[in-house]
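Student: Residues per chain are reported as follows:
There are 2 protein chains.
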Amino acid sequence: MSPKITTELLKQLRQVMKNPRYVQEPVQAYIVPSGDAHQSEYIAPCDCRRAFISGFDGSAGTAIVTEQHAAMWTDGRYFLQAAHQMDSNWTLMKMGLKDTPTQEDWLVSVLPEGSKVGVDPFIIPADQWKRMAKALRSAGHDLVPVKENLIDTIWTDCPQRPCKPLITLDLSYTGVSWRDKIVALRSKMAERKVMWFVVTALDEVAWLFNLRGSDVEYNPVFFAYAVIGMNTIRLFIDGDRMMDPAVREHLQLDSTLEPEFRIQVMPYGSILSELQAVGAGLSPKEKVWLSDKASYALTEAIPKAYRYLTPYTPICIAKAVKNAAETEGMRRAHIKDAVALCELFNWLEKEVPKGTVTEIIAADKAEEFRSQQKDFVELSFATISSTGPNGAIIHYKPVPETNRTLSVNEIYLLDSGAQYKDGTTDVTRTMHFGTPSAYEKECFTYVLKGHIAVSAAIFPNGTKGHLLDSFARSALWDCGLDYLHGTGHGVGSFLNVHEGPCGISYKTFADEPLEAGMIVSDEPGYYEDGSFGIRIENVVLVIPAETKYNFKNRGSLTFEPLTLVPIQTKMIDVNLLTEKECDWVNEYHQKCREVVGAELERQGRHEALRWLLRETEPLGRVQ
Amino acid sequence: MSPKITTELLKQLRQVMKNPRYVQEPVQAYIVPSGDAHQSEYIAPCDCRRAFISGFDGSAGTAIVTEQHAAMWTDGRYFLQAAHQMDSNWTLMKMGLKDTPTQEDWLVSVLPEGSKVGVDPFIIPADQWKRMAKALRSAGHDLVPVKENLIDTIWTDCPQRPCKPLITLDLSYTGVSWRDKIVALRSKMAERKVMWFVVTALDEVAWLFNLRGSDVEYNPVFFAYAVIGMNTIRLFIDGDRMMDPAVREHLQLDSTLEPEFRIQVMPYGSILSELQAVGAGLSPKEKVWLSDKASYALTEAIPKAYRYLTPYTPICIAKAVKNAAETEGMRRAHIKDAVALCELFNWLEKEVPKGTVTEIIAADKAEEFRSQQKDFVELSFATISSTGPNGAIIHYKPVPETNRTLSVNEIYLLDSGAQYKDGTTDVTRTMHFGTPSAYEKECFTYVLKGHIAVSAAIFPNGTKGHLLDSFARSALWDCGLDYLHGTGHGVGSFLNVHEGPCGISYKTFADEPLEAGMIVSDEPGYYEDGSFGIRIENVVLVIPAETKYNFKNRGSLTFEPLTLVPIQTKMIDVNLLTEKECDWVNEYHQKCREVVGAELERQGRHEALRWLLRETEPLGRVQ
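Chains as they are written, first to last, in the working numbering: chain A, 1499 to 2121; chain B, 1499 to 2121.
In short, the hints are calculated from the structure, not lab data.
Note that the structure is predicted; figures quoted are calculated from it, not measured.
No incorrect hints appear here.
Chain B stretches covered by chain A per the calculated footprint, using a threshold of three residues with CB under 8 Å from any CB of chain A:
{"no.": "1", "stretch": "1948 to 1957"}
{"no.": "2", "stretch": "1972 to 1985"}
{"no.": "3", "stretch": "2047 to 2057"}
We put the beta carbon where it would ideally sit given N, CA and C, even for glycine.
Please model the complete structure; the sequences and the hints are all you need to start from.
Tutor: As structure tokens, this is what we get:
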């Protein structure tokens, strides 16, 4: 990895920062955040502006360029990578370290008095704008919106914004028609006395209209906005995708519908002017609902007194609670995914001892097996295929420079998943193809105890996921071990593999309560720097629980694993399990046998079936 | 309980709301919060203004009086009590119910356009002012500070502000001299580049100067403020308490000290003008540190650009971490407290069957036994002595109207504590003097399992208490039971029985991480409305833990119970305990025997000693 030479680019950027063609007044600093105009976690190549200007292409980072300096803020996961990818024009700001200044403090320390700091108002979320503007103002500077993105002006070979064909999903996948979703949304709007709702997150647009796309890798979404009024529906989307007869039919664009269900299709780029027109035409007490993470540009389009901002939109919350069709789809997707992984692990067991399987080969093989399954679309994230010390790098992705060969002497960690038309998967298994050490087994067993503690937890209705996080850690904590990531995230239904508003993490407090139908991951781990990584991850469905006293009819919840892939018993120190935990493993494996076994049989995958049967032999507990 | 007739009072209040002697312009609404000028949890009689104007004397509630209406906001604990105590002039606003408007929304709905809403700026915390002012402003109204408290102007027989003698604490109690505390505070101020620190919380003033008082019942504090500069110390306090030679000696008021340790004593009422003078004399970059819960009046005395506000002050955080002298004092106090409770329970065991012991008699007897112990000062809160259905009322305090007789047929819950000169106690035990039912034992045992799960928890340094809350609930949750209060609160050292910044609750997220030396309560419970209440509460000390792998030298923590009072084994269903839990109970009881037994012996309390030995027989677990 050699750094990107950015001297010329920075020179150009500093010129446009003063060029009256692009800025009303010169800006003394320009901020280049990571995101896109929809605050997406995964972004399209045309939105990788921070990577373009700096060379650093990790998933999180903010660049700030002033007349004299160029600085990059990123977190501990990326210190090494950023240092390798950036040339000497850049100063690395290591977030989380005590002496690292915040972006605001740094700006204040380097800027001449009365400076202007520019940023693309479409890329910066309104809440971040507010914080930054306040800090700068109190030091005598101004944060100013620069309408034209300055990186785009110098990015001569910038890829085009993707505009790929859409996939329509019928009721058998979605359970609810887009019309009924609009009706439900309008009823939520009426409850809050709101006249308009602006859909800015890509997965929320996709979910609302029962459409999927492939504009962003791993996320089946497409670039679009929507503005829903009590009597109007406007969809802002580009390209000839709306010419596709299947899409026209799906959205009933050519039918005579009641006016309140007629979709007006408008150009993607017209969202701002249309929203400004909405803003200008509001009567007193007419409010417009936006996510508080919507871009500053769109938020400002609505006069402050008319804004109704919430951290989670009603679509985000409705989308999180899967209906019967979605749940069944997720089950099917996970069975197919398990079939692919049984094939993979069976194959690895044979091939690894030969010393020819690298992390990349294993990842590719996993994709190959998955792609053989019905309704496979793409992977749901970059496969983490890591062996030995690479396993301790939590967000590792094998590249030729780091690619390690799997062996019978090292632990192998595979965190992978796929998008199927009926559901999204995300599963981690940790395997040893030789003989694990007692210490490796001990650590694995604590992680397993944590995984079971969450999966088998029973809790009252209304409980927030973050209250379950410590259950996953208790066994590790007892021995003085821990892991530095959350325990679980929401999972979309043929949508983003990470979604809100629920999760299981010590870090959040603002999560919404868990409710039946929500789907989250359960993925505790343990990482020994320089040696190995362990993680056991299932996707689990929140279901009602049966309890003796049922919380005085408040009701209770627990989890049902959707992931049905054997947990390697070779790695378990059975003596560290309680009887209940042992029973949990055996029952889980019994279910893998029955459900996945039947599918392997049906698909005629007999060798993988034999592997499954071997791997799911009941644990015998030493009494 | 008959309601207080408030017609005349409200008429008078509405008159002063328009009287130019008290208000610059008439106010159309007047807010009467619960608190005092120090945001104390417990308040003095002269500060019970809301109770005076409404009749409702629960611990939490806010009254708002307009020209037409009088409304009272309180929470679920007090719906019944408030309804009983208030006459028909008042509307009860039941907080937490869906249809109850917020104070701001209600004001907006009833006020004529462009109204002024008055409040005493000394009673309202700055953060509450900000929220309320913003909401009113956006609806065209104004929140205005009314300098003279309007309730005080009509409260003709208002009790005087207490001004009781002070207690000086020497190094054997405090471990650190007030001079060294000032030095440490100034070093924190220097770290944050702050020139002044304003001490507004009563327990923080008391802790800083190693003084105690008795101006507020149960809390050994006194009315005072302090303003600490880098070179000056100002103490704002009234009365002839500063004439006491012991106090003068303690504060070295008559010695020739270095100027930076000379304490300037000033009248309590001069805090505002003195602080305004400080505010007016600040040079650029000179900041003043205040709690963000300080009153609006004091916060406003400092121009906005010079304020440095934090949720927890450095005193609050330093005070929470007890030093060796304080910890030893707390241990001693808890041993004495246990002696008193052994006497009490031994006495109850003999007396209850006679049918002559009421809740009030039992509470008085507990106080009597406590008062026999060395250095006893007063109770640390109103004793919760409750039997049968009264036990299910979480904040119950027996009064003649509710006073129930203890019997061999009902569960008895006693939550009580005391202030000793060497420490503060708070302990709950749940007893049965006859034969508990299987269901009562089952519930008790789940609560015990939760208590042990927290008490024996091991967790890494830096963990916040709220992450442990679910451990206390897990056993209850498994059977569909729960309790609707937090699991623990910080405990002062001969100071307030409830203190920040740590605790164990699902409700907070802003708590500071637990560290060795902090002291909290561990008090899960279970409440069956109309039948019984169960709670098991120990005060526990955070101590370093020994673990196998020690979190890669991050270190780990656990708890040591300071409370050493037997947990009634008759109430335990041993079959529901794990072997580890059984061992925990037996080891705990062994420690009670050794430590408290020795003290009972020393005090010649042989009958109570025999009771202790009987009650701490090891549990025999049915294998």
